[in-house]
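2 protein chains.
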Amino acid sequence: MNKKEYHVAIVGATGAVGQKIIHLLEQDQELQFYIKKITLLSSKRSAGKVIKFKGKEVTIQETTELSFEGVDIAFFSAGGEVSKRFAKSAVDGGSVVIDNTSHFRMSKDVPLVVPEVNAHKLREHSGIISVPNCSALQMVTALNPIKKAFGLERIIVSTYQAVSGSGMNAINELMNQSEAMLKGEDITAEILPAKNDKKHFPIAFNVLPQVDVFTENDYTFEEQKMINETKKIMGMPDLKMSATCVRVPVVSSHSESVYIEVEQDVTVGEIKKVLEAAPGVVLQDNPTQQMYPTPLTSAGKKETFVGRIRKDLDLPRGFHLWIVSDNLLKGAAWNSVQIAETMIKLDLL
Amino acid sequence: MNKKEYHVAIVGATGAVGQKIIHLLEQDQELQFYIKKITLLSSKRSAGKVIKFKGKEVTIQETTELSFEGVDIAFFSAGGEVSKRFAKSAVDGGSVVIDNTSHFRMSKDVPLVVPEVNAHKLREHSGIISVPNCSALQMVTALNPIKKAFGLERIIVSTYQAVSGSGMNAINELMNQSEAMLKGEDITAEILPAKNDKKHFPIAFNVLPQVDVFTENDYTFEEQKMINETKKIMGMPDLKMSATCVRVPVVSSHSESVYIEVEQDVTVGEIKKVLEAAPGVVLQDNPTQQMYPTPLTSAGKKETFVGRIRKDLDLPRGFHLWIVSDNLLKGAAWNSVQIAETMIKLDLL
Numbered sequence: 001m002n003k004k005e006y007h008v009a010i011v012g013a014t015g016a017v018g019q020k021i022i023h024l025l026e027q028d029q030e031l032q033f034y035i036k037k038i039t040l041l042s043s044k045r046s047a048g049k050v051i052k053f054k055g056k057e058v059t060i061q062e063t064t065e066l067s068f069e070g071v072d073i074a075f076f077s078a079g080g081e082v083s084k085r086f087a088k089s090a091v092d093g094g095s096v097v098i099d100n101t102s103h104f105r106m107s108k109d110v111p112l113v114v115p116e117v118n119a120h121k122l123r124e125h126s127g128i129i130s131v132p133n134c135s136a137l138q139m140v141t142a143l144n145p146i147k148k149a150f151g152l153e154r155i156i157v158s159t160y161q162a163v164s165g166s167g168m169n170a171i172n173e174l175m176n177q178s179e180a181m182l183k184g185e186d187i188t189a190e191i192l193p194a195k196n197d198k199k200h201f202p203i204a205f206n207v208l209p210q211v212d213v214f215t216e217n218d219y220t221f222e223e224q225k226m227i228n229e230t231k232k233i234m235g236m237p238d239l240k241m242s243a244t245c246v247r248v249p250v251v252s253s254h255s256e257s258v259y260i261e262v263e264q265d266v267t268v269g270e271i272k273k274v275l276e277a278a279p280g281v282v283l284q285d286n287p288t289q290q291m292y293p294t295p296l297t298s299a300g301k302k303e304t305f306v307g308r309i310r311k312d313l314d315l316p317r318g319f320h321l322w323i324v325s326d327n328l329l330k331g332a333a334w335n336s337v338q339i340a341e342t343m344i345k346l347d348l349l
Numbered sequence: 001m002n003k004k005e006y007h008v009a010i011v012g013a014t015g016a017v018g019q020k021i022i023h024l025l026e027q028d029q030e031l032q033f034y035i036k037k038i039t040l041l042s043s044k045r046s047a048g049k050v051i052k053f054k055g056k057e058v059t060i061q062e063t064t065e066l067s068f069e070g071v072d073i074a075f076f077s078a079g080g081e082v083s084k085r086f087a088k089s090a091v092d093g094g095s096v097v098i099d100n101t102s103h104f105r106m107s108k109d110v111p112l113v114v115p116e117v118n119a120h121k122l123r124e125h126s127g128i129i130s131v132p133n134c135s136a137l138q139m140v141t142a143l144n145p146i147k148k149a150f151g152l153e154r155i156i157v158s159t160y161q162a163v164s165g166s167g168m169n170a171i172n173e174l175m176n177q178s179e180a181m182l183k184g185e186d187i188t189a190e191i192l193p194a195k196n197d198k199k200h201f202p203i204a205f206n207v208l209p210q211v212d213v214f215t216e217n218d219y220t221f222e223e224q225k226m227i228n229e230t231k232k233i234m235g236m237p238d239l240k241m242s243a244t245c246v247r248v249p250v251v252s253s254h255s256e257s258v259y260i261e262v263e264q265d266v267t268v269g270e271i272k273k274v275l276e277a278a279p280g281v282v283l284q285d286n287p288t289q290q291m292y293p294t295p296l297t298s299a300g301k302k303e304t305f306v307g308r309i310r311k312d313l314d315l316p317r318g319f320h321l322w323i324v325s326d327n328l329l330k331g332a333a334w335n336s337v338q339i340a341e342t343m344i345k346l347d348l349l
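First to last, the protein sequences are chains C and Y.
Residue 198 in full-length UniProt numbering sits at position 198 of the first sequence, with consecutive numbering throughout.
Residue 260 in full-length UniProt numbering sits at position 260 of the second sequence, with consecutive numbering throughout.
Next comes chain C alone, as it looks inside the complex (with noise of 0.2 Å):
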């Protein structure tokens, strides 16, 4: 195959996830496409930082409207704000906008994706592709292939999410938290559990049940998100669905406790074997070998892993699953690469 070669720009290139959408690129060689050009583009105050790409220096702009000019593909991840602020710029620059926010995703003209799900959508994209939001979608990456197989009607879901979901100031304070409490020192909160919210509760040795802000119902927006956007990409208005968010000490990877109700009657054997075969699943299942998905064991990694599957002890047709992945990767850099990958594939870029 003769790959194509692409001008790139990542919007946020400092954050989290733009540095490992910039670690992906740089091994292109690994892609479905070559990057002919980077351009790095994130807010004022990190503008003018040197990055290497490839062993070459890259100075970081900031952006603006005009940041766009002959960019083919744009990664956007430095917040709904920015995306709100830039993101139409760049589709009338000609770019294509692939948005790690919020910001876009429950519009009706823009597609929600998990290539593995649903890259169909991106056919009828207006220049903007919404990249779920990571808890959402590492899950349905795993329940699709169950949903196809034996229907879905129910999922109640209990998050065990990292830190790295709130960007590298949370996982610095998570580290400086934990230095702190094992030298039995003082310690300061000042971004989890939502940086943008009143108060500030350490996470080191600790758990919080809020992730992002609180919502009129009572549920967080996180929570909110999940469920919302799982029925989006899913296509099932429908489903029956609520969801916890719990913020744990960990650095890289959402866990989920995961219950889902089918439509048939099947065995765990039977939904193994889905998962088996399932496009970017790989299943860890094995209790007589202590075998099951961890943060620290996915994390780095581009799959979702899932274990702890078993039969609920009372409805015949409930089951309950552990999923875990990488929430920078899959849950946010992978699935924006993959996405461009199969816009690429779809002869739509």
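Hints in this document: simulated from the structure, not taken from any laboratory.
In this list, chains with the same sequence are indistinguishable; a pair is considered to hold if it fits within one copy or across any two.
With a straight-line Cα cutoff of 30 Å, these simulated BS3-like cross-link-like pairs (lysine-lysine) come out:
id	residue 1	residue 2
1	108	302
2	4	302
3	199	301
4	56	3
5	198	301
6	198	183
7	199	44
8	311	148
9	345	4
10	195	272
Once you've looked at the hints, dock chain Y against the given chain C.
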């Protein structure tokens, strides 16, 4: 009230739970009874060590069949094997045994007691009373008042369990691994997820979806204990219940994401009212103030804390709750001392 005096023995005096019991008994001016004499017992390995009790030095003795002479109340928390070996000797010697291990919990003639829930069962004892598994214990403390008011049909729980549930060695393991990981050093795992299982995995900056060893149906013993004990304590053999038990890098206090279905149409407000009036329960639920319980805020306290109560988004009789309590206090030591207090109040001691 004229408080009576008792000779108390603690089997497992150097363990995580034993230490907490000693601490509670030292403050007997706050209890319903005084300590006349304390006998501290342990394995051969720890015998000879000296512990201060109310300022006086007490030498720990090796547990033998003859250790219980004159002992009124014997608290056991040295593991199931020790309870199996010595509990009967203690009863034969005239002691009432309050056992923190799983050994007798499901025996028909052994009451499994949470004083706020089923104190009346103490009247049926024949020498041994079992303290429930910590995860089940705190959950029933919060759910039994709801059951009494509105009926209870179903529970699905995912836990976030502190390492102290696996003893002092597990606390040290978390601390040592955390320190090593912060320094970028190699880490070793020897205790968690289950000391007597084949493989061990790091818990620092990780979560492990295994607490205790696996059973034949691919649930862990911890999950089965939670389920079986919840049904026994609440007297609900037909309750629908499943559990996923997960270890998190927290020192003390277990958290639980709990989904319930009740038998009547009720509002969140009505559930909150019931919990506000419930013994041993503290409602901490105000999303606009970011008020909810966490392990760090609950550690060292005797109550069970409940927050994040909200209606399921689909089932009108479904609700979600977040339940947190100190696993070594209400989950073990405090519930043990409460059992002794309640027996004294009921004239059973």
